[in-house]
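Number of protein chains: 4
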Amino acid sequence: MSTFGKLFRVTTYGESHCPSVGAIIDGCPPGLVLEAKDIQVQLNRRRPGQSNLTTPRNEKDAVILQSGTERGVTLGTPIGLLVKNEDQRPHDYTETDLFPRPSHADYTYLAKYGIKASSGGGRSSARETIGRVAAGAIAEKYLKQAFGVEIVAFVSSVGKIQLPMSKTAAPGEEDHDDDEALTPEFRELLNTVTREQVDADSIRCPHPETAERMIQRILRAKEANDSIGGTVTCVIRKVPAGLGEPVFDKFEATLAHAMLSIPATKAFEIGSGFKGTEIPGSKHNDPFVRRADGSLGTSTNWSGGVQGGITNAEDIYFRVAFKSPATISQAQGTVKYDGSAGELAARGRHDPCVVPRAVPIVEAMAAIVVLDQLLQQNARKTAASLLPPVTTLPPTMVLPPQ
Amino acid sequence: MSTFGKLFRVTTYGESHCPSVGAIIDGCPPGLVLEAKDIQVQLNRRRPGQSNLTTPRNEKDAVILQSGTERGVTLGTPIGLLVKNEDQRPHDYTETDLFPRPSHADYTYLAKYGIKASSGGGRSSARETIGRVAAGAIAEKYLKQAFGVEIVAFVSSVGKIQLPMSKTAAPGEEDHDDDEALTPEFRELLNTVTREQVDADSIRCPHPETAERMIQRILRAKEANDSIGGTVTCVIRKVPAGLGEPVFDKFEATLAHAMLSIPATKAFEIGSGFKGTEIPGSKHNDPFVRRADGSLGTSTNWSGGVQGGITNAEDIYFRVAFKSPATISQAQGTVKYDGSAGELAARGRHDPCVVPRAVPIVEAMAAIVVLDQLLQQNARKTAASLLPPVTTLPPTMVLPPQ
Amino acid sequence: MSTFGKLFRVTTYGESHCPSVGAIIDGCPPGLVLEAKDIQVQLNRRRPGQSNLTTPRNEKDAVILQSGTERGVTLGTPIGLLVKNEDQRPHDYTETDLFPRPSHADYTYLAKYGIKASSGGGRSSARETIGRVAAGAIAEKYLKQAFGVEIVAFVSSVGKIQLPMSKTAAPGEEDHDDDEALTPEFRELLNTVTREQVDADSIRCPHPETAERMIQRILRAKEANDSIGGTVTCVIRKVPAGLGEPVFDKFEATLAHAMLSIPATKAFEIGSGFKGTEIPGSKHNDPFVRRADGSLGTSTNWSGGVQGGITNAEDIYFRVAFKSPATISQAQGTVKYDGSAGELAARGRHDPCVVPRAVPIVEAMAAIVVLDQLLQQNARKTAASLLPPVTTLPPTMVLPPQ
Amino acid sequence: MSTFGKLFRVTTYGESHCPSVGAIIDGCPPGLVLEAKDIQVQLNRRRPGQSNLTTPRNEKDAVILQSGTERGVTLGTPIGLLVKNEDQRPHDYTETDLFPRPSHADYTYLAKYGIKASSGGGRSSARETIGRVAAGAIAEKYLKQAFGVEIVAFVSSVGKIQLPMSKTAAPGEEDHDDDEALTPEFRELLNTVTREQVDADSIRCPHPETAERMIQRILRAKEANDSIGGTVTCVIRKVPAGLGEPVFDKFEATLAHAMLSIPATKAFEIGSGFKGTEIPGSKHNDPFVRRADGSLGTSTNWSGGVQGGITNAEDIYFRVAFKSPATISQAQGTVKYDGSAGELAARGRHDPCVVPRAVPIVEAMAAIVVLDQLLQQNARKTAASLLPPVTTLPPTMVLPPQ
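Residue numbers (the numbering used here), protein chains in the order written: chain G, 24 to 425; chain W, 24 to 425; chain F, 24 to 425; chain B, 24 to 425.
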């Protein structure tokens with residue numbers, strides 16, 4: 024449904040042509056300094072019309088806080104917020120509307136509800152993500168203040184143009200075991216990339232040479248009245264160990280849930296992901312090391328910061344696939360709702376590629392997952408800390424002092 | 024936590040060395056003919072020791088129903104069930120236990136709970152999946168009876184040995200747009216594969232030539248005291264259109280949640296997945312066609328049966344990555360809990376590759392997701408059907424008669 | 024938290040002095056004709072200033088729909104709505120604010136959140152109920168359209184002035200077993216009372232003689248700068264049999280949850296309630312009878328329409344207690360937050376009795392519970408209906424054709 | 024459904040004649056010393072056959088732990104447990120089974136599920152409460168260890184025989200405002216009563232004179248082949264302030280939900296309850312006082328330990344009504360499932376009054392609610408404590424140091 028999270032919860036509403044889209048964010052920790060501008064900065068990154076790579080609609084998307092804060096501080100009560108829709112008119116009926124748009128949600132919304140908004144998008148519109156981004160900005164601000172958490176997403180591929188992520192053996196080298204799931208260069212990027220570097224270019228790829236090729240790829244799609252997909256990689260740093268709720272709400276399971284709930288996503292991988300399945304355990308395992316502060320860390324991080332469904336305090340990184348946008352201007356042979364054949368060409372202007380604008384959405388959903396899992400672990404850890412210490416267990420059952 | 028699902032819900036318990044593992048399955052439709060043997064058949068496929076490719080522990084894993092049925096028919100009340108653990112002794116303390124096993128859950132369970140079962144596995148043991156498989160068998164039986172739903176999973180890769188899934192352009196051909204996300208041969212396999220074909224070989228790959236190479240790959244890992252990962256692909260046929268609950272519980276989002284909650288999983292993709300991001304929209308979109316019965320279908324199915332987060336009645340297919348098992352017999356340089364360096368070599372025998380046994384687990388989680396989503400859509404659809412018809416809407420807002 | 028319901032869900036936001044209060048209503052059946060005026064009618068009944076019995080603040084409380092409908096029909100997507108606060112200024116600091124108001128939420132909100140809205144009320148303000156009433160009006164409209172459900176609440180007591188509900192034996196007559204939990208007169212009232220009768224008088228008690236005495240009781244409290252409590256009784260007619268989800272979400276359990284979540288409530292009873300505990304089983308049991316249509320009904324209804332936690336299609340009736348409002352104008356000896364003693368007299372005007380305005384709130388929460396439970400039962404019943412009939416069970420295990 | 028709780032969750036299974044009844048308790052804090060005997064003591068108090076006041080069935084009800092502990096300490100993982108049913112045979116078909124028992128759940132289970140267990144009780148059997156009592160015993164042990172929480176329930180009335188709770192004005196004294204919702208004697212009892220005092224008598228009423236009259240009342244019902252209802256009052260001491268999750272999961276709302284989910288319950292009141300509605304605000308408000316430790320308390324406690332839906336650290340007390348058992352041996356005129364009239368007399372022996380055995384069930388559900396709410400508040404409080412202090416707020420918005 025339209026609510027995500029257990030203790031930190033976001034509930035969203037809004038179609039593309041109704042008065043507003045908005046959200047209620049429940050469970051925000053009280054006492055957090057929060058103003059509209061903290062949210063607006065991420066909404067601006069999500070907004071269309073930021074460059075010639077995205078749709079030129081100029082939506083202002085100014086967030087208006089309705090509740091949950093006073094004098095710039097959160098009260099712990101639900102934060103209501105909304106963003107007005109610029110165009111609130113119901114959609115005018117045209118010939119085009121007789122077609123369910125291929126690979127869009129027109130047909131499935133009708134199959135589900137028996138009715139759909141006249142504007143094709145309805146709840147499957149990208150405007151639905153505004154509430155997510157707002158909630159994520161709040162979660163992120165808390166996490167940064169309380170733990171110094173850093174969340175940075177970036178475009179890692181557009182079509183076949185990708186960052187130098189992994190080295191795949193050539194065909195015929197199946198028995199070769201020396202692949203690495205991620206190149207040293209890419210791992211270094213994960214360690215160091217900042218949001219400023221990401222925003223240095225309109226494509227949001229922090230690798231200038233690749234960025235330029237990605238831009239050319241998108242422009243090629245645009246000129247062909249076509250579209251192209253891509254992937255977004257995200258790294259989360261300084262998340263404490265212990266987050267994730269086995270067995271069904273493992274950290275990566277709720278993260279995958281969050282990411283695959285973003286419109287147009289088709290795939291998710293954490294750590295070494297699909298490529299990691301090709302690496303033998305002896306090379307894929309992350310050996311433990313003693314950190315300077317006495318705690319245990321790992322010398323490699325193929326696990327992506329999660330082991331057994333629980334964070335281990337190493338960096339969390341994952342990748343999300345966004346398909347080529349379904350709405351394209353070139354004519355497509357398809358059929359109308361009534362089954363009669365025809366050709367459909369979308370009117371108006373559309374994003375030829377969504378990944379640059381998806382970056383803040385991925386960051387937002389990541390922040391929501393981390394804060395929600397953190398609150399759940401807080402509950403347990405605080406409860407356990409109030410019990411008298413157990414002294415009867417063998418040393419291998421309890422965490423030794425570090 | 025240990026409950027999955029909203030209306031069809033499974034809650035599991037059990038570590039690897041306690042008296043039993045089990046589950047409570049709540050929300051099963053009443054009036055379903057159900058006996059222990061309906062569940063046992065899938066538990067047997069999950070069981071270790073089925074071939075020389077898996078661990079030779081001989082666990083009988085006989086399910087014992089506790090409640091929820093009478094005279095072989097479900098009552099609609101919770102179905103309690105359990106499988107006894109053969110070895111219920113607490114684990115003996117050895118030198119090995121001083122090490123957190125690399126990439127296993129020993130360290131993270133301690134970080135989370137401050138305590139862990141003496142047997143390393145605890146809840147991260149593969150035995151935890153018994154409750155899932157039992158619940159899935161029940162869901163699957165309902166879906167088959169009520170809708171003829173077919174769920175077939177199979178091993179699609181082991182290490183670098185994979186079914187002929189997609190054709191990747193060679194390096195340097197980045198601008199080439201003629202790739203197909205899935206080969207015609209693989210699509211045909213998705214259309215036709217049966218569980219009998221899958222079980223024809225111990226590796227559970229329904230492509231004899233590839234199967235043989237996969238087996239050799241696993242044996243090579245076994246001989247090297249090493250392990251190897253792989254992927255499982257699953258197809259679900261005859262799921263009605265309309266399942267999936269936007270915007271956060273989209274069909275693929277809950278499916279990804281379910282799959283990433285299975286131990287050792289690292290990635291999920293639905294439909295054309297990661298590869299699909301490289302295909303332009305004009306080729307990736309699925310044009311609508313009129314089916315013989317007058318309803319709308321699609322001529323291709325790159326979407327994988329889900330559009331806008333809602334099923335469209337086409338086959339649903341997805342792929343899940345399982346990492347190389349963390350427990351290997353060869354010595355690994357790592358550190359003990361106390362930070363002192365050493366070498367760890369796992370005792371006993373371990374699965375060199377989990378994917379053959381993962382097949383029924385993937386099927387089970389898929390069945391749980393479909394039934395849970397189906398019940399939610401039932402609730403809405405039945406409610407809507409009781410309202411008087413709305414006659415004031417333009418034709419593009421309502422589904423025309425087909 | 025701020026969300027109620029499982030399939031039909033309302034999430035609310037808003038304090039008393041922020042820009043607006045509002046709600047997101049998720050899970051409304053699609054295809055329901057719905058306009059703002061359908062909601063406004065119940066908001067108007069909730070609004071203060073309707074008579075000299077309630078606070079004379081003149082809040083307009085006009086609801087503004089934000090999403091979820093188009094051309095006056097629900098889309099099945101979340102319905103966002105809001106009501107602007109007239110006074111959005113943060114509260115001015117005064118001497119009075121140094122006191123936590125006795126039996127109000129000032130102190131407990133601080134204990135919980137460590138911070139509270141400067142306006143005392145915050146989320147404990149009666150304005151919080153606006154979202155509930157709006158959601159309830161939507162649920163009620165659906166239930167009326169689909170099942171002809173009637174929900175009528177009324178004031179059954181103010182202080183000691185009560186409708187002739189039950190006949191209590193005089194002291195010393197403990198062994199007398201001829202009491203009736205409800206008088207025939209009151210049972211007749213439950214059978215016939217309409218919302219029009221309830222609204223005939225400002226006190227919302229459909230028994231003119233008692234109504235007049237209730238009004239006098241409230242005016243007496245008002246003149247004394249004091250307050251008085253009361254009870255609201257509610258009857259729900261034409262709810263189908265089978266609603267309620269054993270064992271924890273029994274119909275009366277979720278109804279009690281809903282009612283005790285309304286501000287100022289302290290008690291709930293269904294059917295014969297507390298008084299019924301005094302009646303022996305032989306007189307308290309409801310014998311079955313055959314109804315004209317062949318179905319089974321009961322000749323009495325001490326159960327209040329619920330047996331074993333599940334509705335039986337008889338009228339559901341229950342009673343809710345509202346305490347005397349905590350905010351009174353007369354001086355009270357108490358202490359400040361810092362522990363120093365003093366006298367507190369509330370400024371401004373306050374409701375001397377909340378029950379007349381509580382009537383639509385009780386109706387709203389009742390409607391929400393019924394619709395939510397109905398959707399859950401729809402899910403099961405539809406699923407069961409798709410199975411082949413079971414023919415192997417003895418006749419006492421299945422419902423015979425009626 | 025069959026799960027209760029958000030972070031501390033109990034899920035139960037089991038009918039009266041299946042192999043076992045049991046539960047999975049998820050979210051128990053790790054590191055709690057816990058053995059079967061900690062649970063057994065409360066199961067024994069729930070067990071039938073403890074005196075001539077309850078049914079003489081001799082069920083041993085020995086709990087068997089399945090998981091979640093090792094060496095007598097909780098692991099933080101789900102605790103599986105079960106109690107075997109002595110009589111696991113399906114019920115023999117008799118003439119009696121052709122009747123739905125009046126005011127029992129036979130008819131409504133059929134209406135809901137279309138099928139029911141052959142043994143009438145099914146999930147509405149009192150055996151269902153075993154899992155609750157076990158979960159409650161675990162919660163209670165944690166609360167006692169961590170906070171010294173004391174939970175004591177007792178029988179406060181049987182039929183018209185009640186503890187000297189309140190003084191009701193005689194008819195005609197409606198304008199008399201000097202009633203007290205609870206007598207000083209009863210308030211003293213709430214302050215001091217212990218579980219030992221409660222168990223001193225088989226009726227579990229800690230007031231010997233009243234206890235004897237209650238016993239006589241039950242024996243009178245028994246001799247008449249009839250039954251009688253009663254009420255259970257419960258006090259919870261030393262619960263910290265701040266528990267309860269506005270606005271829908273107020274402390275009393277979840278408590279009412281828990282209590283009304285117990286079989287045979289019909290009413291709930293907290294603090295002064297229904298009687299309190301008759302007391303003017305000026306007398307009903309609880310003035311604040313400064314406690315010896317500097318914190319704020321209240322000089323009276325008509326609120327019952329909860330204000331604005333949040334605990335205030337005063338004692339929580341509430342009362343629950345249990346109807347007269349529906350199953351009685353005397354003949355009742357009613358109709359069969361097929362609508363034909365007849366007389367039904369229950370076979371076997373039945374509890375003439377359930378309140379003595381209900382005492383540990385009420386305690387159990389209370390403990391579950393307190394622990395679940397505590398965990399939720401822990402999550403928030405710990406999160407807030409990690410933020411830098413806010414210094415910009417006026418003093419009336421933040422809790423002063425005490």
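Each hint should be verified, as a subset may be incorrect.
[What the hints assert, rightly or not] Which chain G residues face chain W? A few, computed with CB under 7 Å, are given here:
{"hint": "1", "residue": "S148"}
{"hint": "2", "residue": "G171"}
{"hint": "3", "residue": "K183"}
{"hint": "4", "residue": "F209"}
{"hint": "5", "residue": "F271"}
{"hint": "6", "residue": "A279"}
{"hint": "7", "residue": "S347"}
[To be verified] Beyond 10 Å from chain G on every Cβ pair, some chain B residues (computed):
{"hint": "8", "residue": "A59"}
{"hint": "9", "residue": "R70"}
{"hint": "10", "residue": "G72"}
{"hint": "11", "residue": "K83"}
{"hint": "12", "residue": "E93"}
{"hint": "13", "residue": "R94"}
{"hint": "14", "residue": "E203"}
{"hint": "15", "residue": "R210"}
{"hint": "16", "residue": "N214"}
{"hint": "17", "residue": "E246"}
{"hint": "18", "residue": "P269"}
{"hint": "19", "residue": "V312"}
{"hint": "20", "residue": "N324"}
{"hint": "21", "residue": "G356"}
{"hint": "22", "residue": "S363"}
{"hint": "23", "residue": "G371"}
[Stated by the list, open to error] Just the calculated beta-carbon pair ranges, DEER-fashion:
{"hint": "24", "chain 1": "G", "residue 1": "T119", "chain 2": "F", "residue 2": "V56", "range": "19 to 29 Å"}
{"hint": "25", "chain 1": "G", "residue 1": "P412", "chain 2": "B", "residue 2": "S74", "range": "34 to 44 Å"}
{"hint": "26", "chain 1": "G", "residue 1": "P412", "chain 2": "B", "residue 2": "A368", "range": "51 to 61 Å"}
{"hint": "27", "chain 1": "F", "residue 1": "T415", "chain 2": "B", "residue 2": "R372", "range": "29 to 39 Å"}
{"hint": "28", "chain 1": "W", "residue 1": "P412", "chain 2": "F", "residue 2": "G72", "range": "32 to 42 Å"}
Simulated from the structure, these hints should not be mistaken for lab results.
Keep in mind that this is a model prediction, so the values were computed, not measured.
For each residue, glycine too, the CB sits at the ideal point set by N, CA and C.
Structure-based check of each hint:
Here the hint on S148(G) is broken, as its CB sits about 10 Å from the closest CB of chain W, past 7 Å. About 18 Å separates the beta-carbon of G171(G) from the nearest beta-carbon of chain W, more than 7 Å, and the hint is not met. Residue-level restraint check for K183(G) holds (minimum Cβ-Cβ distance to chain W is 4 Å; threshold 7 Å). Annotation: interface hint on F209(G) violated; nearest CB of chain W at approximately 16 Å, more than 7 Å.
For F271(G), the interface hint holds, the least distance from its beta-carbon to any beta-carbon of chain W being 4 Å, beneath 7 Å. Annotation: A279(G) was flagged as interfacial toward chain W, and the flag holds, the nearest CB pair being 4 Å apart, inside 7 Å. Hint status for S347(G): holds, given a least beta-carbon distance of 4 Å to chain W, under 7 Å. Interface exclusion of A59(B) from chain G stands, the closest Cβ pair being 17 Å apart, more than 10 Å.
With a minimum CB-CB distance of about 29 Å to chain G, R70(B) clears the 10 Å threshold, and the non-interface call stands. Distance check on G72(B): its Cβ is at least 36 Å (rounded) from any Cβ of chain G, clearing the 10 Å threshold; non-interface status holds. No beta-carbon of chain G is positioned within 10 Å of the beta-carbon of K83(B); the least distance is around 29 Å. Residue-level check failed: E93(B) sits 7 Å from the nearest beta carbon of chain G, not beyond 10 Å.
Non-interface call for R94(B) relative to chain G: violated, since the shortest CB-CB distance, roughly 6 Å, does not exceed 10 Å. Interface exclusion of E203(B) from chain G stands, the closest Cβ pair being 35 Å apart, more than 10 Å. With a cut of 10 Å on Cβ distances, R210(B) stays outside the contact zone with chain G, its closest approach being about 30 Å. Distance to chain G confirms N214(B) as a non-interface residue, since its nearest Cβ pair spans about 25 Å, more than 10 Å.
Distance to chain G confirms E246(B) as a non-interface residue, since its nearest Cβ pair spans about 50 Å, more than 10 Å. In this structure P269(B) is not separated from chain G by more than 10 Å, as the shortest Cβ-Cβ distance comes to only about 8 Å. Every CB of chain G lies more than 10 Å from the CB of V312(B), the least distance being 26 Å, so the non-interface label holds. Separation of N324(B) from chain G is adequate, the least Cβ-Cβ distance of about 25 Å exceeding the 10 Å criterion.
The non-interface label for G356(B) is consistent with chain G: the shortest C-beta to C-beta separation is roughly 48 Å, beyond 10 Å. Every beta carbon of chain G lies more than 10 Å from that of S363(B), the smallest distance being close to 43 Å; the non-interface claim holds. The claim that G371(B) lies off the interface holds: its Cβ sits roughly 42 Å from the closest Cβ of chain G, which is beyond the 10 Å cut-off. Separation of T119(G) from V56(F) is about 27 Å and conforms to the stated range, judged on CB atoms against 19 to 29 Å.
For the pair P412(G) and S74(B), the beta carbons lie near 41 Å from each other, so the given range of 34 to 44 Å is met. P412(G) and A368(B) have their C-beta atoms about 59 Å apart, which keeps the hinted 51 to 61 Å range intact. With their beta carbons about 32 Å apart, T415(F) and R372(B) fall inside the hinted range of 29 to 39 Å. At roughly 41 Å, the beta carbons of P412(W) and G72(F) sit within the given window of 32 to 42 Å.
Hints 1, 2, 4, 12, 13, 18 from the earlier list are contradicted by this structure; the remaining hints agree with it.
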